[in-house]
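Please construct the entire structure, taking both the sequences and the accompanying hints into account.
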Amino acid sequence: MSTPLLNERDLQFLLYELLDTEALLERPRYQDHSQEVFDATLATARTIAEKYFADHNSKGDANEPVFDGDKVHLIPETKAAWDAFAEAGFLAAHYDYAEGGMQLPEIVLRTAMAYFSAANISTTGYPFLSLGAANLIHSFSSEEQKARFLPPMREGRFAGTMALTEPGQGSALADITTTAEPADNGSYRIRGQKMFISGGDQSITENIVHMVLAKIKGAPAGVKGISLFIVPKVLVNDDGSLGERNDVVLAGLLHKMGYRNTTSTVLSFGEKDGAVGYLVGEPHKGLAYMFQMMNEARIGVGSGAAVLAYQGYNASLDYARERPQGRLPSNKDPESRQIPIIQHADVRRMLLAQKAYAEGSLALCLYASSLFEDSHTAASSQQREEAGLLLDLLTPIVKSWPSRYGLKANELAIQVLGGSGYIREYPVEQYYRDQRLNPIHEGTEAIHGIDLLGRKVVMGEMAAYQLFVRAVNETLAQASGKQALQAMAASLGDALQQLDELTLALLPRLAQDPDRGLANATLYLDVFGRIVAAWIWLKQAIVAAGRLADSGLHPDEANFYQGKLQTARYYLEWELPEIGPQIALLRDGNTAAFDMQSDWF
1 MSTPLLNERD LQFLLYELLD TEALLERPRY QDHSQEVFDA TLATARTIAE KYFADHNSKG
61 DANEPVFDGD KVHLIPETKA AWDAFAEAGF LAAHYDYAEG GMQLPEIVLR TAMAYFSAAN
121 ISTTGYPFLS LGAANLIHSF SSEEQKARFL PPMREGRFAG TMALTEPGQG SALADITTTA
181 EPADNGSYRI RGQKMFISGG DQSITENIVH MVLAKIKGAP AGVKGISLFI VPKVLVNDDG
241 SLGERNDVVL AGLLHKMGYR NTTSTVLSFG EKDGAVGYLV GEPHKGLAYM FQMMNEARIG
301 VGSGAAVLAY QGYNASLDYA RERPQGRLPS NKDPESRQIP IIQHADVRRM LLAQKAYAEG
361 SLALCLYASS LFEDSHTAAS SQQREEAGLL LDLLTPIVKS WPSRYGLKAN ELAIQVLGGS
421 GYIREYPVEQ YYRDQRLNPI HEGTEAIHGI DLLGRKVVMG EMAAYQLFVR AVNETLAQAS
481 GKQALQAMAA SLGDALQQLD ELTLALLPRL AQDPDRGLAN ATLYLDVFGR IVAAWIWLKQ
541 AIVAAGRLAD SGLHPDEANF YQGKLQTARY YLEWELPEIG PQIALLRDGN TAAFDMQSDW
601 F
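Heads up: the sequence shown begins at 1 in the working numbering, then just goes up one per residue.
Keep in mind that the hints were calculated from the coordinates and are not lab data.
Please read these numbers as outputs of a predicted model, since none were measured by experiment.
Treat the hints with care, since some could be wrong.
In silico DSS-like pairs for lysine-lysine, Cα to Cα no more than 25 angstroms straight-line [as the list claims (entries may be wrong)]:
| hint | residue 1 | residue 2 |
| --- | --- | --- |
| 1 | K272 | K224 |
| 2 | K146 | K51 |
| 3 | K285 | K217 |
Cβ pair distances, simulated, as ranges [as the list claims (entries may be wrong)]:
| hint | residue 1 | residue 2 | range |
| --- | --- | --- | --- |
| 4 | G69 | L235 | 21 to 29 angstroms |
| 5 | D68 | K408 | 47 to 55 angstroms |
| 6 | R9 | E573 | 55 to 63 angstroms |
| 7 | E573 | S330 | 22 to 30 angstroms |
| 8 | G222 | E573 | 56 to 64 angstroms |
| 9 | D494 | W600 | 44 to 52 angstroms |
| 10 | E573 | P324 | 24 to 32 angstroms |
| 11 | P555 | D20 | 21 to 29 angstroms |
| 12 | Q478 | G170 | 40 to 48 angstroms |
Every residue, glycine too, gets a C-beta built ideally from N, C-alpha and C.
Structure (structure tokens):
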């Protein structure tokens, strides 16, 4: 079964109708570009994704990387994909011309990345992490460090990773035990072990640059004592050539249910004389620096979840249109022809839910990328600051909502295929397994719930939260004059008011008893996420309703916009109202789960 990676018409809608990416051409950094350049870049990404990434998605899943005690072996298609990605310039695409880049807007780069992830989420993990590691060095490292590591990373000779988690510590980074001791030459000796390091070892690049969190001996306790280090797998000489192997050892590969072609590793640093590491920025500020890569990865995980949901939706939609089975309940003639299963109401319900989750997730993630772009290149300092604040608030939702509901979408894809959904001759069972990692990747839902309610909502005297409320109210005002949108706008307006009242009621409880106050933070995250998704869908519905007013619209275009409008209606009528009982539990401070004792299980 062959399905498109994404929906080309939907991408054009998101980029140029919903988010007005063409307006970026008015900014000084992008005046040499055009929409044709953006589209050509995306066409190149699609071509490479189809030719070099999609060709081994199932093969990489069936043939996991193998460690022979000396070297990690991957299927050869993995390196071919990496090389094609690098040769096309995508590892440097967003950098300035002077740095060898294309000065590509963030939203165009991330749309290109969506193609690669849709084609093969696990192989895309290598360039995805390398982009983040290079960005981290670019933002915070010394000029000498940039000169040593960035050129080979942009060229694709070096890959990059993030090394945070330890065997004894998952998300509780305050308690990491990896240490760093100053050496005579200004470098450090790193000792410790890191776990679940994606891409931590592989055989597709000359070198791997690990971005490692560690504590300098004598550092303050907790997160205030964490520093960030560049720790290469192979040392790099002053002239850029490769030197001796660093004291970084692959202790073993981990075997996951999905993302199987991305190596998941346990790395040991400093088993002999100590791994050579180079301090990034100032001591004890490492976690603050690393949050750049973590937040970039969180948005990337959300985008990956969105395209996995999209792939499952596309596959199940094609199947539903082609698979004949049964007859409508009103048809009592057993000799009549069977109908395609898409004509069954419950199948359409499952497809509509998938469309809502997949297209809503992708729209949300690209909106987040547009906020990132605005935070760096918008015309005024106020616009840049407000975009950064709003992105900071929404990042927990951008990561978590697509991960949660993308998984639900992939579950529905399996259901649509019935028995065929469970067999490997069809791709949806792999999409589900790959997707299942995303609610855990880059922080569990609980971590992001605590982050949202305990930190992001209250930061800056609720400045970011108030920006969000203002943005939603602006959308509601835009919808108010359109008859087809009035009911949807009323539902979202009521939900926003409920969220506002709930949030103001919860904040005093957090101050009085944070343990109890944050016990239901995951539920708050879901409520907030549903409202954000409803807002994103209403924004799409406004555009669609405006286009449908054109009397000369081609029937295919009319169908596209009607699909957007109907999906928005579905989400606001079926999914958004589920916040009602959720808000009641939060408002009442329900403690059924909190009061459960360990010994009672």
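Hints, verified against the model:
1. Our distance criterion of 25 angstroms between C-alpha atoms is broken by K272 and K224, whose separation comes to about 28 angstroms.
2. Restraint check: the Cα-Cα separation between K146 and K51 comes to about 33 angstroms, which exceeds 25 angstroms; the hinted pair is violated.
3. A hinted pair counts as satisfied when its Cα atoms are at most 25 angstroms apart, and K285 with K217 qualifies at roughly 14 angstroms.
4. For G69 paired with L235, a C-beta distance near 22 angstroms keeps the hint of 21 to 29 angstroms intact.
5. Judged by the Cβ atoms, the range 47 to 55 angstroms given for D68 and K408 is violated: they are separated by roughly 39 angstroms.
6. Separated by about 24 angstroms at the C-beta atoms, R9 and E573 break the suggested range of 55 to 63 angstroms.
7. Range check, E573 to S330: about 25 angstroms between beta-carbon atoms, so the 22 to 30 angstroms window is met.
8. A hinted range of 56 to 64 angstroms is violated for the C-beta pair G222 and E573, which are about 47 angstroms apart.
9. The given range of 44 to 52 angstroms is broken by D494 and W600, whose C-beta atoms sit roughly 38 angstroms from each other.
10. For E573 paired with P324, a C-beta distance near 30 angstroms keeps the hint of 24 to 32 angstroms intact.
11. In this structure, P555 and D20 meet the distance hint of 21 to 29 angstroms, their C-beta atoms being roughly 26 angstroms apart.
12. A hinted range of 40 to 48 angstroms for the beta carbons of Q478 and G170 is consistent with their spacing of about 43 angstroms.
Checked against the numbered hints above, the structure breaks hints 1, 2, 5, 6, 8, 9 and satisfies the rest.
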